[in-house]
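Participant: Those protein sequence lines, which keep their order, are chains P, G and H. Taken in order, the first sequence gives residues 56 to 384; the numbers are from the working numbering. Taken in order, the second sequence gives residues 56 to 384; the numbers are from the working numbering. Taken in order, the third sequence gives residues 56 to 384; the numbers are from the working numbering.
Don't take each hint at face value.
It does not matter which identical chain is meant; a pair holds if it fits inside one copy or across any two.
[Claimed, not checked] In silico DSBU-like pairs for lysine-lysine, Cα to Cα no more than 35 Å straight-line:
(1) Lys57 to Lys280
(2) Lys301 to Lys283
(3) Lys57 to Lys79
(4) Lys233 to Lys144
(5) Lys303 to Lys233
(6) Lys280 to Lys303
(7) Lys79 to Lys301
(8) Lys79 to Lys144
(9) Lys302 to Lys144
(10) Lys233 to Lys283
(11) Lys301 to Lys86
(12) Lys144 to Lys339
(13) Lys339 to Lys174
(14) Lys303 to Lys79
(15) Lys127 to Lys303
(16) Lys79 to Lys174
These are calculated hints, taken from the structure and not from any lab test.
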Amino acid sequence: MKHFTTVNDVYDLDNLLDDALLLKADPFAFKSIGFNRTLGLFFLNPSLRTRLSTQKAAQLLGMSVLAMNLDKEGWAIEFEDGAVMNGGKTEHIREAAAVLGEYCDVIGLRCFPTLTDRKEDYSESILVRFMRYANVPLLSLESATLHPLQSLADLLTIREHSPVRRPKVVLSWAPHVKALPQAVPNSFAEWMLRGDIDLTITHPEGFELCEDYTRGATIEYDQEKALKDADFVYVKNWSSYHDYGKKKEGGDEWMLTPARLGRTNSAKVMHCLPVRRDVELSAKLLDSPASLVRAQAANRVFAAAAVLKQLLEHNYSAVSKNEKQLEKA
Amino acid sequence: MKHFTTVNDVYDLDNLLDDALLLKADPFAFKSIGFNRTLGLFFLNPSLRTRLSTQKAAQLLGMSVLAMNLDKEGWAIEFEDGAVMNGGKTEHIREAAAVLGEYCDVIGLRCFPTLTDRKEDYSESILVRFMRYANVPLLSLESATLHPLQSLADLLTIREHSPVRRPKVVLSWAPHVKALPQAVPNSFAEWMLRGDIDLTITHPEGFELCEDYTRGATIEYDQEKALKDADFVYVKNWSSYHDYGKKKEGGDEWMLTPARLGRTNSAKVMHCLPVRRDVELSAKLLDSPASLVRAQAANRVFAAAAVLKQLLEHNYSAVSKNEKQLEKA
Amino acid sequence: MKHFTTVNDVYDLDNLLDDALLLKADPFAFKSIGFNRTLGLFFLNPSLRTRLSTQKAAQLLGMSVLAMNLDKEGWAIEFEDGAVMNGGKTEHIREAAAVLGEYCDVIGLRCFPTLTDRKEDYSESILVRFMRYANVPLLSLESATLHPLQSLADLLTIREHSPVRRPKVVLSWAPHVKALPQAVPNSFAEWMLRGDIDLTITHPEGFELCEDYTRGATIEYDQEKALKDADFVYVKNWSSYHDYGKKKEGGDEWMLTPARLGRTNSAKVMHCLPVRRDVELSAKLLDSPASLVRAQAANRVFAAAAVLKQLLEHNYSAVSKNEKQLEKA
Chain P
56 MKHFTTVNDV
66 YDLDNLLDDA
76 LLLKADPFAF
86 KSIGFNRTLG
96 LFFLNPSLRT
106 RLSTQKAAQL
116 LGMSVLAMNL
126 DKEGWAIEFE
136 DGAVMNGGKT
146 EHIREAAAVL
156 GEYCDVIGLR
166 CFPTLTDRKE
176 DYSESILVRF
186 MRYANVPLLS
196 LESATLHPLQ
206 SLADLLTIRE
216 HSPVRRPKVV
226 LSWAPHVKAL
236 PQAVPNSFAE
246 WMLRGDIDLT
256 ITHPEGFELC
266 EDYTRGATIE
276 YDQEKALKDA
286 DFVYVKNWSS
296 YHDYGKKKEG
306 GDEWMLTPAR
316 LGRTNSAKVM
326 HCLPVRRDVE
336 LSAKLLDSPA
346 SLVRAQAANR
356 VFAAAAVLKQ
366 LLEHNYSAVS
376 KNEKQLEKA
Chain G
56 MKHFTTVNDV
66 YDLDNLLDDA
76 LLLKADPFAF
86 KSIGFNRTLG
96 LFFLNPSLRT
106 RLSTQKAAQL
116 LGMSVLAMNL
126 DKEGWAIEFE
136 DGAVMNGGKT
146 EHIREAAAVL
156 GEYCDVIGLR
166 CFPTLTDRKE
176 DYSESILVRF
186 MRYANVPLLS
196 LESATLHPLQ
206 SLADLLTIRE
216 HSPVRRPKVV
226 LSWAPHVKAL
236 PQAVPNSFAE
246 WMLRGDIDLT
256 ITHPEGFELC
266 EDYTRGATIE
276 YDQEKALKDA
286 DFVYVKNWSS
296 YHDYGKKKEG
306 GDEWMLTPAR
316 LGRTNSAKVM
326 HCLPVRRDVE
336 LSAKLLDSPA
346 SLVRAQAANR
356 VFAAAAVLKQ
366 LLEHNYSAVS
376 KNEKQLEKA
Chain H
56 MKHFTTVNDV
66 YDLDNLLDDA
76 LLLKADPFAF
86 KSIGFNRTLG
96 LFFLNPSLRT
106 RLSTQKAAQL
116 LGMSVLAMNL
126 DKEGWAIEFE
136 DGAVMNGGKT
146 EHIREAAAVL
156 GEYCDVIGLR
166 CFPTLTDRKE
176 DYSESILVRF
186 MRYANVPLLS
196 LESATLHPLQ
206 SLADLLTIRE
216 HSPVRRPKVV
226 LSWAPHVKAL
236 PQAVPNSFAE
246 WMLRGDIDLT
256 ITHPEGFELC
266 EDYTRGATIE
276 YDQEKALKDA
286 DFVYVKNWSS
296 YHDYGKKKEG
306 GDEWMLTPAR
316 LGRTNSAKVM
326 HCLPVRRDVE
336 LSAKLLDSPA
346 SLVRAQAANR
356 VFAAAAVLKQ
366 LLEHNYSAVS
376 KNEKQLEKA
């Protein structure tokens, strides 16, 4: 892979999953691959799992990490091209990204959507310009529209726990107190479909996701019907794509409960975390053996490590100066 | 040790002190013991000495560190069990701790008390639940009621500087502008008593510490009497345990001064830092040869390294997968 | 070098530049020089380039890094000597610096000026007291009056790109929306003059820099005249030194534009970043081949690495305990 921002950046999905499983079995199997390489982790928004699991993944590969909360520790960044910078913003993305590119061999970036300007968000303007100006391999730590590291870990978890070759997976909309991005569900859908999973998406009317990601999935507005015979239920809230960024009022009946789960094929319950207990998902289910949320979070490390491995392999050839130094060492 | 949250977690105190001294004499003596191991340092409150000294200790042992200000960089954490999470809190301690446990071999946690709910604080509910849900060895970086890494460094410092086998140590209450936790004095008392130190505690009436920690010490309300023949004076403010969390009005006469120190046996002066100059302790004493505050802070590194060494030894046996990888490497 | 706070700390400038070029050609050439050594990076103000480039430089030399935002993550620091600490400040610089000195082999410190008290700022009271109390080699990450790491990278960039042995360099005042420190221009001037550069400084009347740094440079109030035959133009805003900390109202005509650059000898354009596009400097120039800003930022890594190398060499002799451990390892 040159970059890692969507499943479409992946040349060979099975090979990527195999690398993740290999790293899970033997976490330090590729400890020298990142030798003398630097991963930058830059955050425009909060992060817990992604920050820690990606940092740990870098350590497994022997990479150095430079991590920074760009929103808090650095200078306020101007993203608009052509802006006369006489306001509160101190540094333009062109310079900021260019400089980070000079210091890092791979750049991880987290940038959430505005949820007010759909065109802007779905153009991924921040991510795209970071890639352009930084000019090094970019690793998405969740962007405006996608969260590929999460989805890879999710697919890995499903493969590990599936009772059948092609399980039925239901992505089930959940209530929430805030308007959330569509990045996790968009991403989940495109990875499941690429991974040849039988995917059903269930949500209230008006909460259809962008079809670019869901084409090939079954859309079912009746949650109970959707859950029938499911092997996995992936619970997630998202705000409206069509009435952009709008939160659903009410919808509490969409919370997944043990009773609802009874309609499935003893399905496992998944969530990307953080989860609002007894709002999105019944606390009883989270604390039950049906829950895979801890396994998903654990797999984030191996997903990130597999991706970093392939980014390094593709972008830094074996006969690079770096490798020669390795031989000397 | 399985965990390190109190002196009661320590099997052999002399052995722990010996390890600390060994590390002080030869800081990289155990550089491979933490190879391929990850220490998480998670802060719900500010930290300077503890953060830096523990991070440095991990480096001495070859451990990787993942550090994070959970209160600022992550998601707002809900601590209450059974909470319907429809408010401002984004993630429950059950999920947060479980996930951190997946990424770390040892978890360091700092969590201060409320100072409003004594039962809650003295149940150490945050620490206890972190231990339970993370399910890896826990290293207290100061909890609601105890600060064992500080106390170990203090005991080490006293052993190094003591003119006699069993010195007289006085823990002397000091004035302060804010209501402070009882963690440092509680912890100091339990470590001194376990270390067979002749401990006197002096404080205004109403500022008695919880007897669980002080049983065996001499309590003396008259500071001048208490100081007589002392070899060490440990200065510290704390708020009331009995009238929980209440700060003493006035009490300026309790500030340790050169005149007061004259009543001692040329005692050394100690403080855990940060210290309010000329409020808790005379600036003249802090800047005099009697002060051990810098030595105490320096010993924090070796105290933390000895503890991490024993946590790794106890919890990760020599024939673990990690060790096999070591052999391969 | 014992410390690195000004060009006057440098014994042999050509040797330092040579080390930087050597590290640029072979970044891991000195990978063992920082083995078992710890660099502390402490920030009282925001930092992007300096933080990341210095951290990366430490990694190139095999040093461990302890980084901390002292203004946000630690305790509020009292800088005044003799203060009775009964207000909002929790820890005195005497204790804070002493403790950091115990944990680090080299301390990097960033501390901006007040811009209200010239005497205080130009005495470098924070930097000086940090050095005194920490008692380890100090690396300035930009202080109240100087930014030597930036200037070293600038001089390196000029040497690399100069068409002649002794180029004409113009430091050109630029408009800005805020009152900025004089640290970058002061420092730039003293490094250029020490490096035997033909330096002209142009700025509005009343914006003369402190002569301690500019003695030997040509001062020219007419920007057009100043730019004639220049090989490099270094663009930078600063507030008044004489009417201390005052920002210039207006002055927009001082912005460097392609038309103005036409008067030079096809000069290269430099800026330390962050830069306000179309306020300080025309965006067209920043995006043109004339711009060296990315090259300057890239050179920050090698400037910092060369400085760290020489600080380690000077302060930690080859027969130190550290080295003996190296032999054992």
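Participant: Return the numbers of the hints above that this structure violates; sort them in rising order.
Facilitator: Numbers 1, 7, 11, 14 and 16, in rising order.
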